[in-house]
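Note that the protein sequences, when read in sequence, are chains F and L. Numbering-wise (our numbering), the first sequence opens with residue 778 and increments by one. Numbering-wise (our numbering), the second sequence opens with residue 4 and increments by one.
Part of the chain L face toward chain F, derived, beta carbon under 7 Å:
hint, residue
1, 10
2, 13
3, 144
Because the hints were derived from the structure by calculation, they are not lab data. No experiment lies behind these values; they were computed from the predicted model shown. We treat Cβ as the ideally placed atom computed from N, Cα and C, and that holds for glycine.
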Amino acid sequence: MAPSRFPGQERFTGVGLGLRRPHLEAVAARENHGVPFWETCPENVIGDGGRPHRDACAILDRDPVLTHGLAISVGGFDPWDGDYLRDLGRFLVRTGTPWHSEHLCFTSVDGSCLHELLPIPFTREAVRHTVARARDLQARLPVPLLLENITYYAELGAAEMDEAAFITEVLEGADVGWLLDVNNVYVNALNFGFDPKAWLARMPLERVAQLHIAGHKRFGTLTVDTHGADVIDPVIELMQWTLARLGRPVPVLLERDNHIPDLEDLLAERSRLQAAYEDILAVPVRGGGHG
Amino acid sequence: MAEARTLVLQRALASLVLDPEGETFEDDPTAFALSRGLPDADAQSFRQFSEGLAAYRELARLSLLDPIETMFPITKTLLVREDAWEACVDAFLQARCVASRHYRDIAPAFLGWLAETGWGQATRPYLLELAHVELLEVLVARFPGAEPPPGLHPDPGLQDRLVLDPATQVVSYRHAVHRTSEAAPVPEARPTHLLAYRDGEGRPQLMDLTPAAAALLVRAQTESLGEAAAALGLADLAATTGLLKDLRERGAIAGFQAAS
Chain F
778 MAPSRFPGQE RFTGVGLGLR RPHLEAVAAR ENHGVPFWET CPENVIGDGG
828 RPHRDACAIL DRDPVLTHGL AISVGGFDPW DGDYLRDLGR FLVRTGTPWH
878 SEHLCFTSVD GSCLHELLPI PFTREAVRHT VARARDLQAR LPVPLLLENI
928 TYYAELGAAE MDEAAFITEV LEGADVGWLL DVNNVYVNAL NFGFDPKAWL
978 ARMPLERVAQ LHIAGHKRFG TLTVDTHGAD VIDPVIELMQ WTLARLGRPV
1028 PVLLERDNHI PDLEDLLAER SRLQAAYEDI LAVPVRGGGH G
Chain L
4 MAEARTLVLQ RALASLVLDP EGETFEDDPT AFALSRGLPD ADAQSFRQFS
54 EGLAAYRELA RLSLLDPIET MFPITKTLLV REDAWEACVD AFLQARCVAS
104 RHYRDIAPAF LGWLAETGWG QATRPYLLEL AHVELLEVLV ARFPGAEPPP
154 GLHPDPGLQD RLVLDPATQV VSYRHAVHRT SEAAPVPEAR PTHLLAYRDG
204 EGRPQLMDLT PAAAALLVRA QTESLGEAAA ALGLADLAAT TGLLKDLRER
254 GAIAGFQAAS
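So that you can see chain F by itself, here it is in the shape it has in the complex (with noise of 0.2 Å):
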């Protein structure tokens, strides 16, 4: 897959944040912030209003803004609500983002919305059910679609195949994008036991449209992606390691969701982050793909 796949994402590059409702004012107040891009979830937008509202508004218009959601349910069987694809496709196109990203995962059964980021089986009927699900979200889609992969912290019945095969044949058969989630790489990869490095050497980087990096937590023998926490040092380290191995400049979104610092903060992080992203990509790059 060339690069081109995604046309407007060389304005995108650097590390971005996450546009978190306790900042808007802030950040809508303020044009210098030295942010590249926004990303925003669309959920949280669409359909709102209010002072904030306003605020977010106002960004979306003026900054480059990347755009993921968060409940759509790409591995559910719960049907598609028409009403919120149609409201999602304008607010992307007035976003000008040149690609949605989405959860690989699902988030509602049965007209039920649980509001987290559940693991979808590693079978090959589930690899089938997604990949329809996934081709025709892309199709009802007015930019190109990505998919994240998520921490997980158990494997959802009797597997057929290990994660990293999952979210390959997923990817390679709905023929879409991936957004990867350095630090979820690297939680699975404590919680399960295996070399986050030698586990993105199998993957089919070539599809890798943009990176998420965050902080995580242990609680008793499991750690969690909270985004309630700093980048450790490990995660940056691997997110250099794939940076290195992608050779491009795609797109870091430091994520934050929990303990939310004051902005200064958070763009002080932002700017160490940019440093380590600066300092890999002026090294000569070796190139992507498999292996």
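Dock chain L against the given chain F, drawing on the hints supplied.
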């Protein structure tokens, strides 16, 4: 259905998260899986990954309950005092009322569930009103913007009807639920009328209304101010129009137009 096993697995995980039986899942994960119609191989997997699956119950319930605990702090305090909060949220989650993908809709779904089921209201007749007033300002603050109808004028005349700002709500309760606090969560039984609106800065405001003012704000949306005032026995028309003008300046009323 061709993808039956995948769907049964997803339903089993949803049940683990939302149903009371999920509380004791780790006692016998295999039995839980079998009771959800899963084959032996999947049931063994539930045993192998029981710790991680149990974590999903905790994480998803935290995700669903966080906006409820944030938006209804006094309701929660009241029910915690009576050792009823856990039963309340358990019943809510088991009812599977959260259909919306919008996270902001979880708290309204809880309010809707209280209204629909009457949960806890046989012994606490103020419970629904208490929850409603806790959410009222949030709903007003986040109400989607809408253009007022064209041709509104700023000053009320007796032949006019009033047009509320789309975010404004006139509410009446049987209890003074807006006077409660976490320290004193049980409201006084007293008819209460409130105007909830967004001010010029977009911030939500609550205003106590007299019964007559509340009735006027409701009636005068569909009939002329003169007719509404006469029907309500409001003799001081200057005071009435003064109140309406003040509410327009505050942002609660969008304007006035001739009653047809």
